[in-house]
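Q: My request is simple: use the sequences and hints to build the entire structure.
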Amino acid sequence: MFKKKVTLKILLLLVASDILETAIHFFFKKGALAQGEFSVVDLSSAIVFLKAVSSSPFLWAGLLTVVAVFVIWSTILSKIDLSVAVPIASFSYILVPVVSVICLHEQISILRWTGILFILTGVILVSLSSGERAEQKK
Amino acid sequence: MRAGLLITLFMISLTSLCDTINQLFLKSAIDSLNFGGKFNFARIFKFIFRLLIKPRVWLSFVFSVISLCIWLLVLSRADLNFAFSADSMHYIFIALASRFILKERFSSLRWLGTGLIVVGIIFVSLN
Chain S
256 MFKKKVTLKI LLLLVASDIL ETAIHFFFKK GALAQGEFSV VDLSSAIVFL
306 KAVSSSPFLW AGLLTVVAVF VIWSTILSKI DLSVAVPIAS FSYILVPVVS
356 VICLHEQISI LRWTGILFIL TGVILVSLSS GERAEQKK
Chain E
14 MRAGLLITLF MISLTSLCDT INQLFLKSAI DSLNFGGKFN FARIFKFIFR
64 LLIKPRVWLS FVFSVISLCI WLLVLSRADL NFAFSADSMH YIFIALASRF
114 ILKERFSSLR WLGTGLIVVG IIFVSLN
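Residue numbers (the working numbering), protein chains in the order written: chain S, 256 to 393; chain E, 14 to 140.
Keep in mind the hints are simulated off the structure, nothing from the lab. Mixed in with the good hints there might be a few duds.
Listed next, the in silico DSS-like pairs over lysine-lysine satisfying Cα-Cα at most 27 Å (straight line) [to be verified]:
#, chain 1, residue 1, chain 2, residue 2
1, E, K116, E, K40
2, S, K260, S, K306
3, S, K306, S, K285
4, S, K334, E, K59
5, E, K40, E, K67
6, S, K334, E, K40
A: Next up, the structure:
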């Protein structure tokens with residue numbers, strides 16, 4: 256029942272989901288940035304901000320990408336075990352910071368990269384443990 | 014600056030919390046339907062339809078919209094690389110919720126992984 260073999264097709268789907276996942280966050284960030292200098296201090300300014308963002312094409316591009324990732328991810332999970340899929344898909348923990356540096360000109364210190372690597376390792380371990388439980392059940 | 018960081022972290026933990034609640038409602042709705050066995054389009058459509066008429070699924074949808082709204086507010090004030098990394102906090106909430114609400118059993122590997130995520134978030138925030 257537990258499928259572990261990663262075929263080329265599944266690998267391509269996983270890479271696509273990584274890239275699209277990164278695109279979602281890029282689009283949302285762009286949507287928020289498009290509002291320019293906007294300081295949200297209380298609830299009413301938050302509502303004004305959200306109204307403005309909701310008319311941004313970036314937000315809708317992001318939401319469409321969410322749907323696309325959902326479809327791709329469901330396809331992946333129907334073919335392969337979660338404990339195998341998540342470690343490959345969590346490549347976006349690296350991809351998002353890289354895109355942030357290249358496209359959004361953010362700066363990332365060595366300390367932060369170290370933190371990101373810790374998080375990535377943690378995510379991989381957590382997802383591997385779901386496979387471990389499945390093995391025990393079998 | 015410090016206070017700003019704390020507010021941002023607080024908002025990120027709110028989105029993560031909303032995400033966790035959303036996952037719990039969805040999980041409980043899906044579990045209550047007992048979907049197993051063969052996959053085919055007719056069954057999947059029927060499953061989705063039965064899912065959509067559950068109030069819990071709509072609650073979960075409401076929470077994901079709230080989560081998105083707070084997330085956009087976070088992005089208006091924080092760098093994407095920081096916000097995205099810190100958002101992995103939902104792993105911690107989901108671990109706690111699965112352990113104490115769903116009473117799932119955990120392996121030591123899973124605790125280790127969750128611990129590493131905690132350390133990672135601290136490092137990422139230390140800037």
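Q: Against this structure, judge whether each hint is valid.
A: Hints versus structure:
For the hint pairing E/K116 with E/K40, the CA-to-CA distance comes to about 13 Å; that is within 27 Å, so the pair holds. Among the hinted pairs, S/K260 with S/K306 is inconsistent with the structure: their alpha-carbon atoms are about 46 Å apart, more than 27 Å. A C-alpha spacing of about 15 Å is found between S/K306 and S/K285, which places the hinted pair at or below 27 Å, so the restraint holds. Of the supplied pair hints, the one linking S/K334 and E/K59 holds, its CA atoms being roughly 21 Å apart against a limit of 27 Å.
For the suggested pair E/K40 and E/K67, the alpha carbons sit about 12 Å apart, so the restraint of at most 27 Å is met. The suggested pairing of S/K334 with E/K40 holds, with an alpha-carbon distance near 20 Å, which does not exceed 27 Å.
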